[in-house]
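Here is how the chains run, residue by residue.
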Amino acid sequence: MKLSLLHQILFFTLGSCLLFTILVFSILWSIQAVDITLKREKYAHKVEDRTNILKQFILSEDIYSSNYNTNNWLTLENKFDNLLQLAPNLTPQQQTIQNSIVSQNKSVQRLFNAINENKLKNANQAIKKHLKIRLITQLEAIRTDSIQLSTIANEDIQSVIKNQIIFVLLVLILIILALVYGAFRLTTVFKTSLNEVKKAFKDNHSGNFQNIHFSNHTEEFESIANAFNAMNKKLSVTTVSLESMKKIVHERTCKLEQLSNTDPLTQVANRRALFERGNAEFSRIQRSKNELTIILLDCDLFKDINDEFGHVFGDKVLKHLSEICTKEIRNIDFFARYGGEEFIIILPDSDLNGAIETAKRIQQSLTDQRLKFEDKDVPLTVSMGISTVTSKHENFEQLIKDADIAMYKAKTNGRNRIEIADETNTIIKKA
Amino acid sequence: MPSLWHQKHYPVTIAVSKTPLSSPFYIAKAINAFDKTCVDVEYIAVNGGIAAFEKVMSGEVDFGTSSDSAIAFQSLTHHNFVTHTMFSQSDNDIKLITRSSDQIKSVRDLKGKKVGVIKKSASEYLLSTLLAIEGLTIADVDLHYYTPELLLQSLRDLEVDAIIPWEPYAFQASKLLGNKITTHNTKNLSTLSFNLISLTPNNLLVEKAVCIIKGLQIAINYIASHPQKSKKIVINQLNLDPSFIDWVWPDYIFKLGLNQSLILNLQSQASWAIDTHTTEYSAPPKSEKFIDTRALLQVEPGAVNLMH
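Residue numbers (my numbering), protein chains in the order written: chain U, 1 to 431; chain R, 1 to 308.
Hints in this document: simulated from the structure, not taken from any laboratory.
Heads up, a few of these hints could be off.
With a straight-line cut-off of 30 Å between C-alpha atoms, the simulated DSBU-like cross-links for lysine-lysine are [what the hints assert, rightly or not]:
| id | chain 1 | residue 1 | chain 2 | residue 2 |
| --- | --- | --- | --- | --- |
| 1 | R | Lys113 | U | Lys128 |
| 2 | R | Lys289 | U | Lys128 |
| 3 | R | Lys111 | U | Lys132 |
| 4 | U | Lys129 | R | Lys231 |
| 5 | R | Lys231 | U | Lys128 |
| 6 | R | Lys113 | R | Lys175 |
| 7 | U | Lys199 | U | Lys233 |
| 8 | U | Lys106 | R | Lys8 |
| 9 | R | Lys105 | U | Lys106 |
| 10 | U | Lys46 | U | Lys132 |
| 11 | R | Lys105 | U | Lys132 |
| 12 | U | Lys411 | U | Lys303 |
| 13 | U | Lys79 | U | Lys132 |
| 14 | R | Lys119 | U | Lys106 |
| 15 | U | Lys202 | U | Lys319 |
| 16 | U | Lys129 | R | Lys119 |
| 17 | U | Lys202 | U | Lys233 |
| 18 | U | Lys132 | U | Lys106 |
| 19 | R | Lys231 | R | Lys55 |
| 20 | R | Lys55 | U | Lys106 |
| 21 | R | Lys111 | U | Lys106 |
| 22 | R | Lys286 | U | Lys106 |
| 23 | U | Lys129 | R | Lys105 |
| 24 | U | Lys106 | R | Lys231 |
| 25 | U | Lys319 | U | Lys199 |
| 26 | R | Lys187 | U | Lys132 |
| 27 | R | Lys187 | U | Lys55 |
| 28 | U | Lys132 | R | Lys289 |
| 29 | U | Lys255 | U | Lys202 |
| 30 | R | Lys113 | U | Lys129 |
| 31 | R | Lys286 | U | Lys132 |
| 32 | U | Lys132 | R | Lys232 |
| 33 | R | Lys119 | R | Lys105 |
| 34 | R | Lys105 | U | Lys128 |
| 35 | U | Lys46 | R | Lys187 |
| 36 | U | Lys42 | U | Lys55 |
| 37 | U | Lys128 | R | Lys114 |
| 38 | R | Lys289 | U | Lys55 |
| 39 | R | Lys180 | U | Lys106 |
| 40 | R | Lys175 | U | Lys128 |
Bear in mind the structure is a predicted one, so any value in this text is a computation, not a measurement.
Just need the whole structure built from these sequences, with the hints factored in.
Below, the structure written as structure tokens:
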């Protein structure tokens, strides 16, 4: 059963009140029980005292005297009779003795009255003595009974006090246990539920939008859970976590970076990427003293191709050239569109011979893989200028400039050629 | 290990007088009160305390139930027995019955009449007490001795003018003869107690007596707590007329005890017996000799009240 916390506290308080009421009643009951036993003991003593008085009376008085006045005896007997009638509530064992006392007192009264009816005028002394002894015997029997009653009452007092103390202690222990359990239970509900709320907020902070599930079901905390879970549901839909945002930004940045470094037509590195990489490589060889060579390619008669076959085919030519160059260069080489129909290949750790080899492979590939326009072969050649870093180069741009000069030489010298820039910007080799 | 858990049980035989005064014994057996004690009891039913006494003295049984009168009279001739506890008493067990037609109004009117009694018993003792109160003696009446069973017949046959029977004969007389007889009010003028007796005991017999008394104590507390159930048990066990139990039960007191009044009762009855039967008995022995308090002191010390 799901109970509200308020109800639980209310029940706990009412339960505590009830338990304390039980404790108070059990103490009152115990006092009552002890009081009854004390009354019994007091009664037993009174019976004994009264019997002693009666016995003393019989022993001291001459009951056979002709002028003997029975008033004193009757007063005493009446008092004793009244006492017996006012006996407190007795235990079965005590009641047995009480019955015996009452019965024997009747015997005493009966015998005394019988004796006094005629004062035993005709009886001899032996009979008189005998009947007097009999009276005393009866009173003695009452006295011994009252002593027994008193003994039982005394034992009863001890046993009742002991039992009542045990009973009250047991009730007290039960009450303490119940209170401790109740308090512990309530504290646990509070503590556990609050910890669960705390954990839920913590999870929320980390972007983990989990619902709260309470171990202890209470109306109040359930309402908090419902509100929290509803809020979480909305947040989980509308909120992007920091991590996923970083990932998206990174992906977008990479994409943009790629876009900014790529030539949209040929899908090879663009001029910006070229200079970035070229400057980096240039700086690197400044430290490592390795070699760095570049090839600058220019598509021969590209204007004529455009004019003759159209710009679409011109674009196709540039794409074809890019594919061949990309295929023919090494993994560590870098191929980029320099501008228009001009391309540059950066060849790190490569001397002039290596660059010439690459250039020749490109020339060969272009020859082998010809483009067709309406089933007609369209010859494609490139003029290439090669320059390698020397002591005179201060930056990457100067290296390009030399390669450019060499490439123009190749154009000037009849196209489809490879020219190498020398230290004084003169062609040192033709291919 | 059963020996640790089961107390040793001594087989014990008890001669129990077939009277409701022996009720604690019958109830003890019916409620299995002896199961928790050290004895396995077997009852031998007898008619009257004298028969029980004889069985004890002959060694036929270990214990017996006997009236104080029987003990008082037997103490004059036997010295090797004791009473361990009194367990029941009645102040109206013996009654004076006369024929209604004889117009005997009081004991005083018995002077010169034929009175049937049971010889050397509480019956004869009550008569002497009643006569003494009226200033008469045994010599003033014509005494006739009968067995308990024949007393009523003697009244019917006009052999006597009055009889002094004990129960259940007084009840039988009342039931059979109704208005033809008068039962005189002698309540409270005599007390008859029933006691547990045995031969002078050794320690083992005292131990057995302790166990029997424990059973009797349980039974007596049961009677105090469940009087109606107790009456039913006695009616069934003794096969009695329920109206008889209703007739005698109010006069009964069931309790354990060894007190001075018992000694005084024994002494006065013994003295009376010597006075009235001087030819048979000599001086009365000390009644204390016939009281053994050891067993009762172990069970209910408060019930022992003897002057030393």
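Hints, verified against the model:
{"no.": "1", "hint": "R/Lys113 x U/Lys128", "result": "holds (23 Å)"}
{"no.": "2", "hint": "R/Lys289 x U/Lys128", "result": "holds (27 Å)"}
{"no.": "3", "hint": "R/Lys111 x U/Lys132", "result": "holds (23 Å)"}
{"no.": "4", "hint": "U/Lys129 x R/Lys231", "result": "violated (39 Å)"}
{"no.": "5", "hint": "R/Lys231 x U/Lys128", "result": "violated (39 Å)"}
{"no.": "6", "hint": "R/Lys113 x R/Lys175", "result": "holds (24 Å)"}
{"no.": "7", "hint": "U/Lys199 x U/Lys233", "result": "holds (17 Å)"}
{"no.": "8", "hint": "U/Lys106 x R/Lys8", "result": "violated (45 Å)"}
{"no.": "9", "hint": "R/Lys105 x U/Lys106", "result": "holds (22 Å)"}
{"no.": "10", "hint": "U/Lys46 x U/Lys132", "result": "holds (24 Å)"}
{"no.": "11", "hint": "R/Lys105 x U/Lys132", "result": "holds (25 Å)"}
{"no.": "12", "hint": "U/Lys411 x U/Lys303", "result": "holds (14 Å)"}
{"no.": "13", "hint": "U/Lys79 x U/Lys132", "result": "holds (21 Å)"}
{"no.": "14", "hint": "R/Lys119 x U/Lys106", "result": "holds (28 Å)"}
{"no.": "15", "hint": "U/Lys202 x U/Lys319", "result": "violated (55 Å)"}
{"no.": "16", "hint": "U/Lys129 x R/Lys119", "result": "holds (24 Å)"}
{"no.": "17", "hint": "U/Lys202 x U/Lys233", "result": "holds (16 Å)"}
{"no.": "18", "hint": "U/Lys132 x U/Lys106", "result": "holds (16 Å)"}
{"no.": "19", "hint": "R/Lys231 x R/Lys55", "result": "holds (28 Å)"}
{"no.": "20", "hint": "R/Lys55 x U/Lys106", "result": "violated (36 Å)"}
{"no.": "21", "hint": "R/Lys111 x U/Lys106", "result": "holds (27 Å)"}
{"no.": "22", "hint": "R/Lys286 x U/Lys106", "result": "holds (29 Å)"}
{"no.": "23", "hint": "U/Lys129 x R/Lys105", "result": "holds (26 Å)"}
{"no.": "24", "hint": "U/Lys106 x R/Lys231", "result": "holds (24 Å)"}
{"no.": "25", "hint": "U/Lys319 x U/Lys199", "result": "violated (59 Å)"}
{"no.": "26", "hint": "R/Lys187 x U/Lys132", "result": "holds (18 Å)"}
{"no.": "27", "hint": "R/Lys187 x U/Lys55", "result": "holds (21 Å)"}
{"no.": "28", "hint": "U/Lys132 x R/Lys289", "result": "holds (24 Å)"}
{"no.": "29", "hint": "U/Lys255 x U/Lys202", "result": "violated (35 Å)"}
{"no.": "30", "hint": "R/Lys113 x U/Lys129", "result": "holds (26 Å)"}
{"no.": "31", "hint": "R/Lys286 x U/Lys132", "result": "holds (20 Å)"}
{"no.": "32", "hint": "U/Lys132 x R/Lys232", "result": "violated (39 Å)"}
{"no.": "33", "hint": "R/Lys119 x R/Lys105", "result": "holds (24 Å)"}
{"no.": "34", "hint": "R/Lys105 x U/Lys128", "result": "holds (23 Å)"}
{"no.": "35", "hint": "U/Lys46 x R/Lys187", "result": "holds (26 Å)"}
{"no.": "36", "hint": "U/Lys42 x U/Lys55", "result": "holds (20 Å)"}
{"no.": "37", "hint": "U/Lys128 x R/Lys114", "result": "holds (25 Å)"}
{"no.": "38", "hint": "R/Lys289 x U/Lys55", "result": "holds (25 Å)"}
{"no.": "39", "hint": "R/Lys180 x U/Lys106", "result": "holds (29 Å)"}
{"no.": "40", "hint": "R/Lys175 x U/Lys128", "result": "violated (36 Å)"}
In this structure, the hints that do not hold are numbers 4, 5, 8, 15, 20, 25, 29, 32, 40, in rising order.
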